[in-house]
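Now for the letters of each chain:
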Amino acid sequence: MTPEETARRAAAILDELERAVVGRRRTLELVLIGILAGGHVLLEDLPGLGKTLIARSFARVLGLDFARIQFTPDLLPSDVIGAPLYDQRNAEMVFRPGPVFTQLLLADEINRTPPKTQAALLEAMGEGQVSVDGQTRPLPSPFVVLATDNPIEYEGTYELPEAQLDRFLMRLRLGYLAAGDETDMLRRRVARAAENVALTPVTDAAGVLAMRESLERVEISEDLLDYVVAIVTATRQDAQVQVGASPRGGLALIQLARGQALLHQRDYVVPDDIKQVAVPALAHRVTLRPELWVRQVSADDVVARLLAAVPTPRTDPAAVRHGTAAVTG
Amino acid sequence: MTARQQLARLLPLALLIAVAIAGLRGAVAVPRWNGPLRADGVAIGLALEVVLGVLLVVTMRLDATARREAEQRPLAEASDEIGVPAGLRFALKWVLGCGMLAVAAALIANLNLHFLIKPHPVVVPPSRLRAKPPPKPAAGGGGTLHIPVGPILYALLVLALVAAVVVSIWWASRLRQAARPGLFAGDVGAEELREAVESGRAALAELDDARAAIIACYLAMERTLGERGTARGLADTPDELLSRAVATGVVRGAAAGRLTALFYEARFSTHPLGPGQRDAASQALDELAAELGAEVVP
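Each protein sequence line maps, in turn, to chains A and B.
The first sequence lines up with residues 2 to 330 when you count with the working numbering.
The second sequence lines up with residues 17 to 314 when you count with the working numbering.
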């Protein structure tokens, strides 16, 4: 599939999704970019903002197998990845796959379960496989986790550890709809006289994999790679940051920027692509100094500030090659 | 309206009020200040001035820090609306400033300055004139040099206030001109853009290679803008620079966007570029020149 075909298919997917998810085009674009980049997405915001709806709608429109896990404090790792059971007919242990053996997994309210169960997802998310009883079992392809996270409740919740957060390619915050969009959403609900919108699949698992392959053909120049490294390095050197972004953060930024370029029907990345996805790609990988909590400074703010300070590639490629400073920028 | 524009509107008014108070001082009677603190009034006033001044400086520094942080945020997040903390700082600055002015006015009023009020001649009955000889001057008092500190201070205050009124009115009119639509909403002026377009067209005509020509074209434009003091910021992208130019309203069409897209393609892709892209760049430049009212060279 060429980048142009991928861009057209992506536009069709987004249009179909917008029938159910009103007023969140940019969020849908970012989730789609995350899926095309082969990553997992964390949707973090207050209850009732459409996180679960977005995940369900993506599963339907992308034509992927879908499973949902409602994370609770008493959930066990075997409830997620599966467990061996004794089969009395054959008198042997048989592995019963858990809900993680699907193509699109909705991990709902992932911070309601203890770290032990959260960690059960680590291998699945990182390597696309599950090891049980010394045997490694590959997960279906594509395997995408869309997790939701409630940031305001502290009672009975377990904050995601940094290692788990780093497994997510991006973290998105939805926010409230604009007044006009909210009215539109209500109007549509009244007009269709049904709870759910019947969405039509636009593609299937093979189509998603083909779109992923086309993303790998999007080129990124050397100085843009340097730009990405400069941004990641800036997160490590900033005075407000305790722990900066990992090298995985740089990889995520590159893949997401390629996806962003693809959505704009380009087979090359430009600096604006990187800037537009840097906050969702890096903010959740940055740990701020504790005292900033009092000042209500968020990691999103810090990454945005760094983006406004890190120099973009120079206009003149000759100046870059020869190390001259003909024109800054 | 930004905080600066609000300040520019309020400052001349406040200063005019201060001038009026100072002027009235020359025409009305001395305020009575017969309380128990009369002896220490000046010292207390000066101490109040110092305290208020320190608080004002601290508030202004906090405000400047917040403004610097706001300037470092991405352009897309920038807003002219005043937030609650900024509003509080703005109000505090005004309260402290007005407090300083009020204390200064009270101090001046208590200096017993009468040089603007003509002293009423004392009518002495002729009989007394004849009866009593004029009193002799005190010993040693006739040779001392008397410096009228009070009137000098008062005159300096009035002069400073008048100068401040003039400067604030000039500042307010300058801000109004800058905010007027149709001129320069950002820092990119129409004349600069016109010269930039001409530079770009010259670069495009000189080079045969499409990629090099398009890059040189954009480079020339950017260099011209830079020489005129509107260089692309270190962390800006070309799209952001041209967005500012479009935001001024000087460039309204899609030509600037097309030219930037062509530059991006030439700069960041490796696929071959043909004469089509080169012609598209030339056409975009012509459209830009036409929009700016420049003469199009065939």
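Just so you know, these hints were derived from the structure itself, not from any lab.
Quick reminder that beta carbons are idealized off the backbone N, C-alpha and C, glycines included.
Check the hints yourself; a few may be wrong.
Said to hold, decoys possible - Interface residues of chain B toward chain A, partial, derived using beta-carbon atoms under 10 Å:
hint, residue
1, 75
2, 79
3, 81
4, 83
5, 189
6, 249
7, 252
8, 254
9, 260
10, 279
11, 293
Hints, one by one, checked against the model:
no., hint, verdict
1, 75, "18 Å, violated"
2, 79, "16 Å, violated"
3, 81, "12 Å, violated"
4, 83, "14 Å, violated"
5, 189, "32 Å, violated"
6, 249, "7 Å, holds"
7, 252, "6 Å, holds"
8, 254, "7 Å, holds"
9, 260, "13 Å, violated"
10, 279, "8 Å, holds"
11, 293, "13 Å, violated"
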